[in-house]
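**Q** One-letter residues, chain by chain:
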Amino acid sequence: MARVYIGAVVAAGGLVVLLLGPFADIAWLTLAVLAVLHLICEASPVPISPQRHTWTAGSSVILAAVVLLGPVGAAIVGAAAAFNTRRDLHVVQRMFNGGMWALAGYCAGTVYLAAGGHAGVPASGSFPAILLPFAVAAITLDFVNYVLVIGVLWLTQAAGPSSTTFRSGVLASLVPDLGYAIFGLLMAALWRVVGPFSTVLVFVPLLVARWAVAQYVAQQEAHQATMAALCQAVETKDFYTRGHSERVSKASVMIAREIGFRPERIEAIRHAGMLHDIGKLGVPTVVLQKSGALTEEEYGAIQLHPMRGLEIVREIGFLDEALAGIMHHHERMDGRGYPLGLAGDEIPEFARVIGVADAFDSMTSTRSYRGARPVEEAVAELCKWAGAQFDPVMVDAFVAALRRERWRPPEPVTAPAGQSAAATAQDHDDPTAPLRVIPHR
Amino acid sequence: MLSTHRAEARRPSWPTMDSGQLLLISAAGMLVVAAVAQTAAAGITGMRDAVAFGALVALGELFRIALPGNRESAPIATAGALAYTLLLRVGDRPAPHSAMQVIAVTAVGMVVGALPHLAAGRPTSIDAMARRLLAVAAVALLFRPLAANAQILRHWWVALAVMTVLVAVAWLADAVIAALIRAEALRARFGVALSDELRVQAPLGAAVGASAMLIAFAAGVMGLAALALFIAPLLVTQVAFRRYAGIRVTYLQTVRALSRMTEVGGYVESGHSHRVSRLAVAVGRELGMSEPDVLELEYAALMHDIGQLSLPDPIPGGATVLVSPADQAQIAELGAEVIRKAGVLDRVAEIVRRQSEPWRGADPGPPVSSRIIRAANGFDDLVGSSTDRERAVAALERLRLDTAAEYDPGVVEALSRVAGRRSSARM
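Chains A and S, in that order, give the protein sequences. Using the numbering used here, the letters of the first sequence correspond one by one to residues 293 to 733. Using the numbering used here, the letters of the second sequence correspond one by one to residues 12 to 438.
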């Protein structure tokens, strides 16, 4: 079925180029320049966000062709995508892209003429009258592109694209796409003055932007990796808690997504989850590894760890809301937590998210005094303490997220021989085994 | 933002301005006075163009950005001013304004755009503004006489070639001035500062130059509407650069903050990592290291003790210079292992790993960054946060005695020059 669809798109694209002429009044030099440019654009997509969305300047080139050459020219320029040399594309994908862009270019060109535009190098008096037909052409190009792509996704992915991918993918990128479309108009407008060189003048700033974005993405990944590595360094002392930060970060993000945080806040909570226990460094190892009941001073040292964490990360300017999450991740809904004893809504939202994630990972990990609990049991435990220790909203969100996304608990660890000293004998994160404290007499 | 914090720490503000900066600012000031006076006397030709381009310059100045290394830049303002300089026609009428008018319009636009920044109390680097203005002025003085003689620029490729050459020359001159100022302010070598400057400014400079020509040509076709439309590609570039510079600052901030883990954990004396990194960076510059190398050195210096986290308990006293060589090597090795896990800082990990190697005059020996960290760390272990001059002299003396076996003599000499400057600055 998918193959039939792709075949139909390719055939339609080809037919448009071959049959629907006329070819007589096409400027072949312009056509060649734009086709090569489109090919270059398609072969070098720009990553526009760390989530690996990419953007190509290809559609602006097709729109320039719409203005300069009309529907057939635009279709031929679009078809150039079939000769894309990127290695990660299958030959079927390449053919489909070529057919799709040819069809989309032809439709955009036809609409452009119908809306009152003239094919050919714009005369100096054609502004601003050209703006309306150009905008209509840009919308058409986008629309045809999306419809054809959604069609192929529907047929190739088993479940079909969900309505959220459609909303976030199509609608979110429509506005920027139309913004970038303006570059097509710029290239066409300058053609009369500097000929094909107009593409160079327009593309130099875009290439530089592309370079800067690539640098940005690389730096952001490096930042993330460095932060993770440094957080891991804190955990190396105790092999039972290895990977804890990373998993709490992951679980916090799952909850945040479920509740519907904005992307920036999801990034922030990712960092907060990663850094939440960094203050444990300020707690003497002896206290962390003590197996018996703690004295009040020792318990006090443990209760201080969120503040010590804050002390370390306070200078990281971008953390903002994450700082509150780190400081308050051991508060309880009933007000009996630490360090400040906040209750209910007084506890920052980030802290309530991290609290649930933190306890859950502790329960599903092996500890020296018990084995790892199964996920179901840990969830039951979370539900049991919802309201008293945890925010029920966060617990519900986490349960819902767990239903959709499988949780991978850490590999069970066994204490290596001879290192028995280097293990915590009790875990301050574990709600089922609270720290034992010797009260003062 | 951290960048301002850095600027305060590194670059002195008004009272102690370098002589180069003063020269630059007074040159720009005199030029502006002359330009405004002459324009006022001769009258403005093409009032609407002047207002439109002046407004663009003001807007660009308002939305200026900081490039990596805390370099102030205003791409849209520069592109607008250059476009006004390169303007040949607006729609169907010629644009015969003089070079002096270009300078006057640009200066007024810049001042108007800078006012909100001043009102908000943000630090404004006047020398950067002066530099931007002088670069535009240079192109204007060379190009406007040509523009008046339209015969030469009749063919678009001639015009394009002339514009490209002029913009490139102006950009080079700008980089040279910037490097001179920076070399003086940061005590770096001029050659190194210039290549740093060229590397950082090249991409944005190309985008600004291309956009300026784009606008100048487009104004001939579309009139002043071109300004709004054709600034779009540069706007995209500017947004991308802002994010890039932002994440670099964030990255450094994170490493700086997390380097304090060793202090909160009681492994080293409070402030040790920061003092060692500041000292190491100063020594690196003194030895003529390039900016990317200095950044790597800074990361390595900040994290040089991170290996201590992997030890079960703090080493008493924490001062690693007094610890046995075997322990030093182990801390360095563990630290490098932590950093290597990030997967992106392998060179930094290598610097940290080899910081414990004694110098012994060996060739090739440990990398220069490792040798710098070793000496800076030794110095700080002996001096700490004390500002006592005697103590610094005694510590340097001890490092010098060890140069045969432990420390690179070149590094120790650079260190003593840096330390000497610091204590004389304090007096």
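Where hints are given, some of them may not hold.
Anything over 10 Å on all C-beta distances counts as not near chain A; from chain S, calculated [to be verified]:
hint: 1; residue: Ala45
hint: 2; residue: Val47
hint: 3; residue: Pro156
hint: 4; residue: Trp168
hint: 5; residue: Ala221
hint: 6; residue: Gln264
hint: 7; residue: Ala268
hint: 8; residue: Glu280
hint: 9; residue: Arg286
hint: 10; residue: Ala353
hint: 11; residue: Arg411
hint: 12; residue: Arg428
If you only want the chain S side, here are some residues facing chain A, beta carbon under 8 Å, derived [stated by the list, open to error]:
hint: 13; residue: Val211
hint: 14; residue: Leu215
hint: 15; residue: Val232
hint: 16; residue: Ala239
hint: 17; residue: Phe241
hint: 18; residue: Leu245
hint: 19; residue: Ile258
hint: 20; residue: Arg271
hint: 21; residue: Ile317
hint: 22; residue: Gly431
hint: 23; residue: Arg432
No lab work stands behind these hints: they were computed from the structure. Quick reminder that beta carbons are idealized off the backbone N, C-alpha and C, glycines included.
**Q** Compare the structure with each hint and give your call.
**A** Evaluated hints:
1. Its beta-carbon lying about 33 Å from the closest one in chain A, Ala45 of chain S satisfies the requirement of being farther than 10 Å from that chain.
2. Every C-beta of chain A lies more than 10 Å from that of Val47 of chain S, the closest at about 31 Å, which supports listing it as non-interface.
3. Every CB of chain A lies more than 10 Å from the CB of Pro156 of chain S, the least distance being 22 Å, so the non-interface label holds.
4. Not every CB of chain A is more than 10 Å from the CB of Trp168 of chain S (nearest about 8 Å), against its label as outside the interface.
5. The claim that Ala221 of chain S lies off the interface is violated: its Cβ sits roughly 4 Å from the closest Cβ of chain A, which falls inside the 10 Å cut-off.
6. With a minimum CB-CB distance of about 5 Å to chain A, Gln264 of chain S fails to clear the 10 Å threshold, and the non-interface call is violated.
7. Interface exclusion of Ala268 of chain S from chain A breaks down, the closest Cβ pair being 5 Å apart, not more than 10 Å.
8. With a cut of 10 Å on Cβ distances, Glu280 of chain S stays outside the contact zone with chain A, its closest approach being about 15 Å.
9. Look at Arg286 of chain S: its CB is around 16 Å from the nearest CB on chain A, clear of 10 Å, so calling it non-interface holds up.
10. Listed as outside the interface, Ala353 of chain S is inconsistent with that label: its C-beta sits roughly 4 Å from the nearest C-beta of chain A, within the 10 Å cut-off.
11. Its beta-carbon lying about 34 Å from the closest one in chain A, Arg411 of chain S satisfies the requirement of being farther than 10 Å from that chain.
12. Taking the minimum C-beta to C-beta distance to chain A, about 30 Å, the non-interface status of Arg428 of chain S holds against the 10 Å cut.
13. Evaluation of the Val211 of chain S hint against chain A yields a violated restraint, the C-beta minimum of about 11 Å exceeding 8 Å.
14. Given the 8 Å rule on beta carbons, the hint for Leu215 of chain S holds: about 7 Å separates it from the nearest Cβ of chain A.
15. A cut of 8 Å between beta carbons decides the hint on Val232 of chain S: the least distance to chain A is about 5 Å, and the hint holds.
16. Interface hint status for Ala239 of chain S: violated, as the beta-carbon distance to the closest one in chain A is roughly 10 Å, over 8 Å.
17. Interface hint status for Phe241 of chain S: upheld, as the beta-carbon distance to the closest one in chain A is roughly 6 Å, under 8 Å.
18. This hint holds: Leu245 of chain S has a C-beta 5 Å from the nearest C-beta of chain A, less than the 8 Å allowed.
19. Among the interface hints, the one on Ile258 of chain S holds; its C-beta lies about 5 Å from the nearest C-beta in chain A, closer than the 8 Å criterion.
20. For Arg271 of chain S, the interface hint holds, since its Cβ comes within 8 Å of a Cβ in chain A; the closest pair sits about 5 Å apart.
21. For Ile317 of chain S, the suggested interface contact is upheld, since its CB lies about 6 Å from the closest CB of chain A, less than 8 Å.
22. Interface hint at Gly431 of chain S: violated, since its Cβ lies 30 Å from the closest Cβ of chain A, which is beyond the 8 Å cut-off.
23. With 8 Å as the threshold, the beta carbon of Arg432 of chain S stays out of range of chain A, its nearest partner Cβ sitting at about 27 Å, so the hint is violated.
The structure does not agree with the numbered hints 4, 5, 6, 7, 10, 13, 16, 22, 23 stated previously, though it agrees with the rest.
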